[in-house]
Amino acid sequence: MENFNYSPKPANAFFDRELEELLERCVELQERSKQLEIESKALHNHLTKLGKDINQLAANLKEQRLSTHEIE
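All the letters of the sequence shown, read from the start, carry residue numbers 1 to 72 under the working numbering.
These aren't lab readings, by the way, just hints derived from the structure by calculation.
The reader is advised that the hints may include incorrect statements.
[Said to hold, decoys possible] The calculated DSS-like cross-link candidates involving lysine-lysine, where the alpha carbons are at most 30 angstroms apart (straight line), are:
{"#": "1", "residue 1": "Lys41", "residue 2": "Lys52"}
{"#": "2", "residue 1": "Lys52", "residue 2": "Lys34"}
{"#": "3", "residue 1": "Lys62", "residue 2": "Lys49"}
{"#": "4", "residue 1": "Lys49", "residue 2": "Lys34"}
{"#": "5", "residue 1": "Lys52", "residue 2": "Lys62"}
[What the hints assert, rightly or not] DEER-style ranges, computed between Cβ atoms:
{"#": "6", "residue 1": "Glu39", "residue 2": "Asp16", "range": "31 to 39 angstroms"}
{"#": "7", "residue 1": "Leu57", "residue 2": "Glu20", "range": "51 to 59 angstroms"}
{"#": "8", "residue 1": "Leu22", "residue 2": "Asp53", "range": "39 to 47 angstroms"}
{"#": "9", "residue 1": "Lys34", "residue 2": "His69", "range": "48 to 56 angstroms"}
{"#": "10", "residue 1": "Arg65", "residue 2": "Cys26", "range": "55 to 63 angstroms"}
{"#": "11", "residue 1": "Lys52", "residue 2": "Glu20", "range": "46 to 54 angstroms"}
{"#": "12", "residue 1": "Ala59", "residue 2": "Cys26", "range": "48 to 56 angstroms"}
{"#": "13", "residue 1": "Gln35", "residue 2": "Phe14", "range": "27 to 35 angstroms"}
{"#": "14", "residue 1": "Ser67", "residue 2": "Lys41", "range": "34 to 42 angstroms"}
Here the structure is a predicted model, which is why all the values come from computation and not from measurement.
Beta carbons are placed, not taken as given, at the ideal position from N, Cα and C, and that holds for glycine.
Make the full structure from the sequences, and use the hints.
Structure follows, in structure tokens:
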């Protein structure tokens with residue numbers, strides 16, 4: 001009876017290494033994608049807050065100008 005143990009041929013070993021490297025790179029990219037998504041959400045929140053602050057400052061300035069004109 002023949003023994004059918006797997007012994008990788010050189011070409012198979014090459015492709016096995018390539019596949020393993022590609023899978024590792026996919027995991028790295030997936031982790032980086034998650035990190036970028038978190039950073040993107042944080043940036044969006046920060047910019048939204050800045051926009052609200054700018055709108056509030058503009059409203060305050062407009063109110064201040066109106067008050068100044070009333071005093072004159």
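Quick rundown of the hints versus the structure:
no.	hint	verdict
1	Lys41 / Lys52	holds, 17 angstroms
2	Lys52 / Lys34	holds, 27 angstroms
3	Lys62 / Lys49	holds, 20 angstroms
4	Lys49 / Lys34	holds, 23 angstroms
5	Lys52 / Lys62	holds, 15 angstroms
6	Glu39 / Asp16: 31 to 39 angstroms	holds, 35 angstroms
7	Leu57 / Glu20: 51 to 59 angstroms	holds, 55 angstroms
8	Leu22 / Asp53: 39 to 47 angstroms	holds, 46 angstroms
9	Lys34 / His69: 48 to 56 angstroms	holds, 53 angstroms
10	Arg65 / Cys26: 55 to 63 angstroms	holds, 58 angstroms
11	Lys52 / Glu20: 46 to 54 angstroms	holds, 49 angstroms
12	Ala59 / Cys26: 48 to 56 angstroms	holds, 49 angstroms
13	Gln35 / Phe14: 27 to 35 angstroms	holds, 32 angstroms
14	Ser67 / Lys41: 34 to 42 angstroms	holds, 39 angstroms
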